[in-house]
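Keeping their order, the protein sequence lines are chains A and B.
Going left to right, the first sequence walks through residues 1 to 178 as this note's numbering numbers them.
Going left to right, the second sequence walks through residues 1001 to 1178 as this note's numbering numbers them.
Hints were generated in silico from the structure; no laboratory data involved.
None of these values were measured; they are calculated from a predicted model.
Check the hints yourself; a few may be wrong.
Below, a sample of chain B positions facing chain A; criterion: calculated Cβ distance under 8 Å [to be verified]:
{"hint": "1", "residue": "1140"}
{"hint": "2", "residue": "1141"}
{"hint": "3", "residue": "1148"}
{"hint": "4", "residue": "1151"}
{"hint": "5", "residue": "1152"}
{"hint": "6", "residue": "1159"}
{"hint": "7", "residue": "1172"}
Cut-off 25 Å, straight-line C-alpha distance, at most; resulting in silico cross-link-like pairs (DSS-like, lysine-lysine) [unchecked claim]:
{"hint": "8", "chain 1": "B", "residue 1": "1160", "chain 2": "A", "residue 2": "167"}
{"hint": "9", "chain 1": "A", "residue 1": "160", "chain 2": "B", "residue 2": "1160"}
{"hint": "10", "chain 1": "A", "residue 1": "160", "chain 2": "A", "residue 2": "178"}
{"hint": "11", "chain 1": "B", "residue 1": "1160", "chain 2": "B", "residue 2": "1178"}
{"hint": "12", "chain 1": "A", "residue 1": "160", "chain 2": "B", "residue 2": "1167"}
{"hint": "13", "chain 1": "B", "residue 1": "1178", "chain 2": "A", "residue 2": "167"}
{"hint": "14", "chain 1": "A", "residue 1": "178", "chain 2": "B", "residue 2": "1167"}
We put the CB at the ideal spot given by N, CA and C, even for glycine.
Number of protein chains: 2
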Amino acid sequence: MNRVRVFVGCSLDGFIAGVDDDLSWLGDPSADEGEDEHGFQAFLAEVGALLMGRRTFEVVAGFGGPWPYGDRPALIATHRPLPPTEHPVQAVQGSIEELIERARSAAGERDVYLDGGVMIRQALDAGLVDELALTFVPIVLGAGIPLFAGVAQRHSFELKTERRLSKGLMTLTYRTLK
Amino acid sequence: MNRVRVFVGCSLDGFIAGVDDDLSWLGDPSADEGEDEHGFQAFLAEVGALLMGRRTFEVVAGFGGPWPYGDRPALIATHRPLPPTEHPVQAVQGSIEELIERARSAAGERDVYLDGGVMIRQALDAGLVDELALTFVPIVLGAGIPLFAGVAQRHSFELKTERRLSKGLMTLTYRTLK
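In isolation and in its complexed conformation, chain A is listed as follows (with noise of 0.2 Å):
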């Protein structure tokens, strides 16, 4: 069965992005062409569908670059209509049992790429996320948008892998345990 898998930057303080969905702190996404340092594109090439924020859409709308997400099907999660757009992108509604599964459907084999802080809070909870894979940028912002902050309850892992990236960034790939 495809797996809900996230994939995400975050400071040493849990913050997905900064201020005013500030991800200048991130780093400049297009060095990462070619040789696909943090893994991005590899992991891509399993994911068959997103799921997403309303926010997070737009962060990623906004960049104003190539939509990063190839022609895979984009779920939304939004009550109110998507602007006018050629992304393959979706607005849904529903509760997150609902939306992860209409996600794997779309995803068909290949795995769901979760994204957005909403809804990787509500998925925890949930018990419907498989894989987290964070990588902590050396950097503490005080304050923003934050990855876990409000999930009601505790959540255990396994550390998969370590791996550690140019600028002091690190990934860390974790597995639920349920």
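With the hints as your guide, set chain B onto chain A.
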């Protein structure tokens, strides 16, 4: 010159203790005896004095086990008298700059071990932390005593070393960029 160092276990969501100062998720510290897998004894050997907040002192003193810091002077930042104790502790007051200076003097040629969320955040914001050793425990707590929440500004670090321990723990050691 001696250094100001932090050596702390934290959850993936950045807590150094759970609700009600719960530290059970850190595992059994006594299991580390002998082999010093976490490197705590090696770290402590380079420490000449400690500086910690009142709450941290009360948690450590309340463990019931042996005082973990030997005969090193321990400065406790508090405005209330300390209870009678056999440990080499001393109540101190003052600005974070004054407290660090006193701890440096007490440490002699060796380093200062800084502990407790409030003290660490104040020292970080004052630019007085040299090294940060974070041992990430593979758990999300959701609530508790935060390590970094409340810092007033961004802080950047250089990753020095990464070390995988048993049970999925991972120690990342950073040097402060000033």
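- Could you tell me which of the numbered hints above are not met by this structure, giving the numbers in increasing order? none
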